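Asker: Each chain is listed here by its residues.
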Amino acid sequence: MEQAITLARGPLFALAFGIMVLGLARLVLLQVYELAVGKGRRLQNAPWRKIMGETITWALPFKHFIKGTLLFSSASFAMHIGLILVPLFLADHVAMWERQFGVNLPSMGRGMADVLTLLTLFCLLVLLGFRFLSWRHRAVSTPTDYWLLVALIVPFASGFLATHPGLNPFRWEVVMLVHLLSANLLLVLVPFTKLAHVVLFAFDRISEIHWQLRPGAGDRVANALFGSEAKV
Amino acid sequence: MAKSNRLLKDVLWILALWGLVAGGFRLWFGLGATTNLTDAVPWGLWKILNMIAGVALSTSGFTVGFLVYVLRRKRFLPLMRMAILVAFLGYGCSCLALLFDIGLPHRFWHPFVMWNEHSFLFEVFWCVILYFTVTTIEVVPTILERTRAERIGKFLHGIAFGVVVFGISLSSLHHSSLGSLFLVTPERLHELWYSELLPVFFILSAMGGGMMVLVLLRILVARWYDPEPIFGATPAPVEGAESTVPGFPTLNRNVRGAGREMPMLANLATISAFILGGYFVLKVVDLVRTGAWQFLAGHGWPGPLYAVELLGGVLLPVVLVACRPVRRSPLGLGVAAFCAAAGLALNRLNVGIFGYWPGAETTYVPSLAEWSVGLGVIAAAGLAFLVVVENFAILERKNQPVGAGVFRAAFDAFSHVYRNALNSGLHRVSLIAVIMLPLAWVAMHPSYRDVTGGGRPVQPSQGVDVARAVLRIDGDRTGLSVDFNHADHQRRLGGDQACVTCHHLAVPGDKTTPCSRCHRDMVDPTGIFDHRHHLTAVAAKAGGHGALAGNGTCTECHQEGAARSAVLVKDCRSCHEKDGWPALAGADPTVDLAVATSFQTAMHAVCVECHKNEAVRVAKPGLGDCGACHADLRRREDSLFAVVAPSRD
Amino acid sequence: MSHGETRNHGQDHAILVDVTRCTGCETCVAACVAANGKDPRQAERDRATVADGLSADRLSSIVRVGDGRFARKSCMHCLEPSCVSACLVGGLTKTDDGPVVYDPAKCIGCRYCMLACPFHVPRYEWDEAMPLMAKCEMCVDKLHDGQQPACVAACPHQALVHGTRDELLAEAQRRVESDGKYLPHVWGAEEFGGTSVLYVSDVDLATLDWPADTAGPIPHLTDPLIEKTPFMGITVASSLLGLNWVIRRRMKLEREPETGDESRTEGENDG
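Residue numbers (our numbering), protein chains in the order written: chain A, 1 to 232; chain B, 233 to 881; chain C, 882 to 1152.
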């Protein structure tokens, strides 16, 4: 058990992290290659300012409030805070970053981390609830949407239990191993599932305008954006 | 009819990428950290497989060049470009692997200006470099064809005959010299392989085997790209016949259906078989002449290895080629050629690696990193070969890979972009790289060696009751041991605070502290006898004087005329009859140890166990890590290998 | 460098090892480690882990050659060294006064010297990223200053003697003949063409990789071949040209009665 933990925390983590970083780099490079080689000419006329503006508005929840998806949008937004901060800045994780890569990050307090973790877990459960209970969400959900949420819940829940022995009904080693393995799995999943939006969100607007629409759609979009004289 | 070689390409990419990582580690961490080479086995896989076997396997440029240009056998002309390509890539791949192998790669140019004309290695270096240049000159026209620089290519083609003659002369020199390299090790190389005829053996086997490699590659290229010249013009299978060999069309059994290049290949294989036959006879005669045949039945690996190499790798292909139906079928000829090529490679491995096992008294098995670089370089050459075959007129025409034209563009959810014929190769290769590079990194990085490959875990205490135990230490492993009173040493050195005094004398990486660390003046470093003290004491007793007093009294203890060594001296008890160490009286020596344990081992059981338990109890996993106590340790390798120097304040 | 021709080595620096006097105290090794500026702690570690105790940080060692018998093992400084003829950049040299010395500035790290040495003496700095070879150089700087090699100076039992090779051969012969305990053989007088380090002993020294029967100098196995190399190259090239000419001529003659034109264009194409 102890050896398994050492293995998961050392080489397996390095492996998963390496696959994630290289995998994301590959996605970015493929996107840029596609855009540069396939759409090089047209990109010159792309409305960069508008694209950036849209990307930012889309990422923030305020616009969605008005549309009446308040709970879902704010849960989705709040979930991301803990999702990004806790893996990076929890004291235990800071030690791990240092051991693996020699990087020294500032660390957050245990209390702060607990609050963020519980918030993230709560938001994830809310999102999962929406998927199950709201027919509108169920209609557009694929199986991946469900189990990716579970894959996010497991490392957070097991991590919380591992740091709170009083609440933990299981053996510490088992919980720790589950935490490590599920977190490693999550890292590997990032570049190969829709979690890839950690880097690809930046390309979404460009893609939508230029090549993710049906044949002929480009002309209509161009018409809408630049008037009837515009050519794609 | 042609079969896709996409899987093969994937495998080649995987090997090449692993080789890339391993090569990087080799350059960064050095030879010791990445290879299993030692002082006893200084030459390993890279030299033997990549250089010596690789060069031998790519002999075809020289032999086919001889047939076509010198003997003017024009029928082999269709093979000429491929033969030269094989030679170019084979030699290039040998040179590349050597850059990883030599200790100081940035000095590879030294032999150009620093000459030792007595060294066979020097001759091999020059011949290989010059021949590599020759093959480059010969390959370039093919690459430059139909480009703007075609005129350079035409000029190079114009001087081809002179270049070929030069190349053949070089080849005939260095292929035999590669054998001569091993002439200097008569007392190390196993008798089955050592012979003054090694240079002759090397050039004969290289000529024969090299042609077979070309035959094999020609058949494989036909299978992957354009089967017609080899497998015949009518690709329809024989009616109703099931293919007995998966992948090979049943048609091939029909000899008449074989393609127009088959007779030429059979002819080349026959020439090769004559050379290999002569080689076989010569080997057998030499075996009888030197009397080494008696080692064939000897115990261990050499006998069977020799038999497999000579029977399976030389005799079998000769016999196969001699059979007319086998020679005329692409499958039969392919099998014969494969046997000959494998036999040639095995011969070089035998001479360079296995033949040294009995002499070196150690078994050298190449490390993962060595295999990775060795095979990775070959894989890279293979990929380059396929690229040239697909894009340039190496054979009669360009060869597009199977399925190249039928690609349909589609959105690839896995890569999040459109995939089309233009970028599908990029998709595939980058995906392989994303998974393989980290995997290779983790599998071969020296700092993970302990976790991934056994390693040395923290040892629990041996359970010695140091307060009472008398340790029996046999430091030099002679069977003669010294009784070591631990409690007595501890008391005299300062009680509870004294552990560090002895155990921390172990330098980083040590597991043990030899007695000689303190008892510097012992006659035999691991004995316990203080010679200098006896010298003066005995001399004083015997009435000697001065610093040289002892010289007159040697015979007080040492026998007159006998060797003055520890064994031949008077028994201690003849003088020390009444002396006895009170602490030892009545104590039974209970523990046999080789040497005193290190501080790490002695103390870790006390600290580590408790730390681990507490880590679980209070749920602070960091408490069980080495870093909990050794704050200055960062990387794993430090925490496992090194003992922290004791703080002196 | 003196291959082939036999220089008279009588006045070379040499060392005589008398195994009967060696007590295995390793004082010489400690002196060697210090004289070569090696790390004594690493040397100590190598003593425990390497079979014969030789390493890049420990250029000489004490080997147990029999029950209670020890012998110093180090470079034998052969009169016709295999390593010198093997090194492709000439990084190893037999100096005119005996020692075989190494030039680290030339070394490319091919390790052929390690393969070529019949005594397995050259060692490699495996742990370095930029490794060099290491071996005993008989303290050549001390010799030039008129001093003895460090090991000889340090030996407390006169088991090591320094002198010219002629003197020491005579002394070895004298010891062997005068005292019955010695085996009647001076190791190094003839083996591999003779060495500059000589051994007399009362036990057999096969442990030190001395050959059972007197073997000749190793360069003599390769020199006759390599001297012929330029000759062979020229022979091969000229016979290729000759062969080609004959065959081309024959083909031309065969074809000429039929079509004269074709053979000419053929010739042009081959240029």
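Source of the hints: derived by calculation from the structure; they are not laboratory data.
Nothing here was measured: the structure is a model prediction, and the numbers come from that model.
Misleading hints may appear alongside valid ones.
A few chain A residues that don't get close to chain B, going by computed Cβ distances all over 10 Å [claimed, not checked]:
{"hint": "1", "residue": "L12"}
{"hint": "2", "residue": "L22"}
{"hint": "3", "residue": "W147"}
{"hint": "4", "residue": "V150"}
Incomplete in silico selection of chain B near chain C, CB under 10 Å [as the list claims (entries may be wrong)]:
{"hint": "5", "residue": "G262"}
{"hint": "6", "residue": "G264"}
{"hint": "7", "residue": "T270"}
{"hint": "8", "residue": "D271"}
{"hint": "9", "residue": "K279"}
{"hint": "10", "residue": "L330"}
{"hint": "11", "residue": "N348"}
{"hint": "12", "residue": "E349"}
{"hint": "13", "residue": "V356"}
{"hint": "14", "residue": "V396"}
{"hint": "15", "residue": "S409"}
{"hint": "16", "residue": "V540"}
{"hint": "17", "residue": "E788"}
{"hint": "18", "residue": "C789"}
{"hint": "19", "residue": "N845"}
C-beta atoms are modelled at their ideal positions from N, C-alpha and C, and glycine is treated no differently.
Asker: The structure should be examined with respect to each hint, and the outcome stated for every one.
Answerer: Going through the hints against the structure:
Listed as outside the interface, L12 of chain A is inconsistent with that label: its C-beta sits roughly 8 Å from the nearest C-beta of chain B, within the 10 Å cut-off. For L22 of chain A, the requirement that its beta carbon stay farther than 10 Å from each beta carbon of chain B is not met, with the minimum near 4 Å. Annotated as non-interface, W147 of chain A keeps its C-beta farther than 10 Å from every C-beta of chain B; the closest such distance is 16 Å. With a least beta-carbon separation of about 20 Å from chain B, V150 of chain A lies farther than 10 Å from that chain, consistent with its non-interface assignment.
At a threshold of 10 Å, the smallest CB-CB gap from G262 of chain B to chain C is about 4 Å, leaving the interface hint in force. The criterion of a C-beta within 10 Å of any C-beta in chain C is met by G264 of chain B, whose closest approach is roughly 3 Å, and the hint holds. Hint status for T270 of chain B relative to chain C: holds, with the closest Cβ pair at about 7 Å, below 10 Å. With a cut of 10 Å, the hint placing D271 of chain B at the interface with chain C holds, because the nearest CB-to-CB distance is about 5 Å.
For K279 of chain B, the interface hint holds, the least distance from its beta-carbon to any beta-carbon of chain C being 8 Å, beneath 10 Å. Residue-level restraint check for L330 of chain B holds (minimum Cβ-Cβ distance to chain C is 8 Å; threshold 10 Å). For N348 of chain B, the shortest C-beta to C-beta distance to chain C is roughly 4 Å, which falls under 10 Å, so the interface hint holds. Checking E349 of chain B against chain C: minimum C-beta separation of about 7 Å stays under 10 Å; hint holds.
Contact between V356 of chain B and chain C, as hinted, is supported at the beta carbon level, the nearest pair being about 8 Å apart and thus within 10 Å. Satisfaction of the interface hint for V396 of chain B is found here, the shortest Cβ-Cβ separation to chain C being roughly 9 Å, below the 10 Å cut-off. A hinted interface residue such as S409 of chain B counts as satisfied when its beta carbon comes closer than 10 Å to some beta carbon of chain C; here the least separation is about 8 Å, so the hint holds. Checking V540 of chain B against chain C by beta carbon gives a least distance of about 25 Å; that is not within 10 Å, so the hint is violated.
The interface hint given for E788 of chain B is broken, as the beta carbon of that residue sits about 16 Å from the closest beta carbon of chain C, more than 10 Å. For C789 of chain B, the shortest C-beta to C-beta distance to chain C is roughly 12 Å, which exceeds 10 Å, and the interface hint is violated. Evaluation of the N845 of chain B hint against chain C yields a violated restraint, the C-beta minimum of about 34 Å exceeding 10 Å.
This entry does not satisfy hints 1, 2, 16, 17, 18, 19, going by the numbered hints stated previously.
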